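**Student:** Going down the list, the sequences are from chains D and V.
The first sequence begins at 1 in our numbering and counts up by one.
The second sequence begins at 1001 in our numbering and counts up by one.
These aren't lab readings, by the way, just hints derived from the structure by calculation.
Remember, it's a predicted structure, so these values are computed and weren't measured experimentally.
Careful: at least some of the hints might be erroneous.
[Said to hold, decoys possible] What follows is a list of derived Cβ distance ranges for each label pair: (1) D:K341 with V:G1070: 43 to 49 Å; (2) V:R1079 with D:R237: 38 to 44 Å; (3) D:Q266 with V:G1070: 29 to 35 Å; (4) V:P1049 with D:L140: 56 to 62 Å; (5) V:P1049 with D:A147: 24 to 30 Å; (6) V:R1079 with D:Y459: 41 to 47 Å; (7) D:T325 with V:D1067: 40 to 46 Å.
Just so it is clear, CB atoms sit at the ideal spot from N, CA and C, and this is done for glycine as well.
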Amino acid sequence: MSSHREAPQISKDPVADSTDVYAFVSPWAPSTVTLIANYIPLQLADGGPNFYEFGDDVLYEIHIDQTGDGTPDVSFQFQFTTTTVDPSTFLYNTGPITSLTDSTWNRKQSYTLTRVDHASGATTTLGSGLLCPPCNIGRLSTPDYHALGAAAVHRFSAGGYSGQVFAGQRQEGFYVDLGAVFDLGILRPFEQDHNMFGLKNTGLGRMAAGINSTHFLNVHSLALEVPIEQVTKSGGRPSSVSASDAVIGVWTTASRRASIVNIAGQGKPTETGAYVQVSRLGNPLVNEVLIGLGDKDTWNHLPPSSDKQFLSYFSNPGLAQLLPTLYPGVFPNLAKYNAGKPDRADLVAILLTGLPSGVVPGFQNELAASGVYADELRLNLAVPPAKKPSNLGLVGGDAAGFPNGRRVFDDVATIELRALAGATLPLVDKSYKADAAAGEVSFGLTDGPTDLRAKGTEYYNDGFPVLGMPLSGFEVGPISRVVGH
Amino acid sequence: MSRRRFLRTGSVTMAAAAVVGAVPGLPSLLGEAESEAPGSGAVAGAASPALSDAAGLEGPVTAHVSDLSGQVSLFVQDRTIVVRDPALVARLLAAAR
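When you get a sec, could you build the whole thing from the sequences and use the hints?
**Tutor:** Okay, structure coming up:
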């Protein structure tokens, strides 16, 4: 959840809280692109009796920008309907669930997938009544969850568009040490270098392994795989990395009705009016750690085309200013740079415009109309999947990885940490020499750049819908993990 | 409600929760109200609709007034309709006292 509970308002509305967006050329079918948007963060596997589900009153969308103006050209909309078979019982299921249509599954959820072409206004229903899988409960309730998950992958072909889609619970795929990083910037592998704010007896003081906070958690995933030509401006496949239709911008939004009125004695609120955006996510960790508290809620309600007003958060991020203070003596070059007039054009390019040609040999993912700064995940569709991926993506020499789109195993927390620490500053300022630590700092959650499973804590599929089978409530049980120092 | 008190306390939202029938020509009435005659907000020469004319409008209507410009947003079904009707706004604010 590179963006989970990232703003005060949305942290109180988990059903509409986007957690991650991924976009990559599908390694198993390089003529297609896979788009994933996840919602409902930090799900405990044993979260009954009302297990997690998408909101029937939320409009979920995955947007594609083809022109760089920060507005969607194509949007895929997901709208859900939940039915209760037997409202007299409190049970989510009244017996084993062995198929998506079993009557024992008391609270089924289905959805309609719609494609919107904004230029023409045309809408195409790609599928309706598509069934979600149930949550993974346990050995008795969901004895063969693999089969249920597989049955929830739906192929569609309508109006000249085709692909496959999945919407439902999966294992959380983002790995990060939340407990440490939000404890005033502790990085466990480097905690001995933390200034500790003068506190004594903190128990910190030695190199420690990172802890993947999401190891035992689930998330709800919207996954879509479509032919590349169905998302490009040209309607064809880009001929080269530098082709004018090679790059698309991707982000997700969740919207609620304009008016939600609670009436005494009425079980559900009355919701009316047009949809209003309440959440959005493009690049990982932007609203999470770059946007200030005073702007986070507003940011969530605005489209990427409005992001120029937030430019200072990217050109002089607070976290980059903090690093030399939190870790004295570790980032001397960054400290000296910060003391001048910092202008992180590298971060602006990575997150708001894309990297132009000439910065990284043989690569570009620039998609920005003149004067537009827009937080979008920019994917160059002409870059093929890597034969030997690096979880450090572009900074690790792998152009198929973040910030060229984002794959599920990309260590985006470490990548962005290193970028903030100055590792990418030389791309735009040849006079700047990055601190050695900028290329070494990490959350300590992988065994190196070729570790695509976060030390075995992540279980991704090699094919669609990519994120692993959700953890079972019965199997996981209570989380007991106490770190002693 | 004084202007100062309104601006201090923020917007006013009212919900008409009863199901009412359709108001014949309601959209056109609303459209005309957006370019209303000064003062009353009513379309010159048009009679005020009666509640009985609203048969057929299915579902609740929520009205939201956020300032004293005379603008009111109406949330009905899946639509948001913005109307400029100072007289309507005045009546809503009077009812909210």
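**Student:** With reference to the structure, classify each hint as holding or not holding.
**Tutor:** Hint by hint, here is what the structure shows:
Between D:K341 and V:G1070 the beta carbon distance is about 47 Å. The supplied range of 43 to 49 Å therefore holds. Separation of V:R1079 from D:R237 is about 39 Å and conforms to the stated range, judged on CB atoms against 38 to 44 Å. For D:Q266 paired with V:G1070, a C-beta distance near 31 Å keeps the hint of 29 to 35 Å intact. For V:P1049 paired with D:L140, a C-beta distance near 60 Å keeps the hint of 56 to 62 Å intact.
For V:P1049 paired with D:A147, a C-beta distance near 58 Å fails the hint of 24 to 30 Å. For V:R1079 and D:Y459, the hinted distance range of 41 to 47 Å is satisfied, since their beta carbons lie about 44 Å from each other. In this structure, D:T325 and V:D1067 meet the distance hint of 40 to 46 Å, their C-beta atoms being roughly 44 Å apart.
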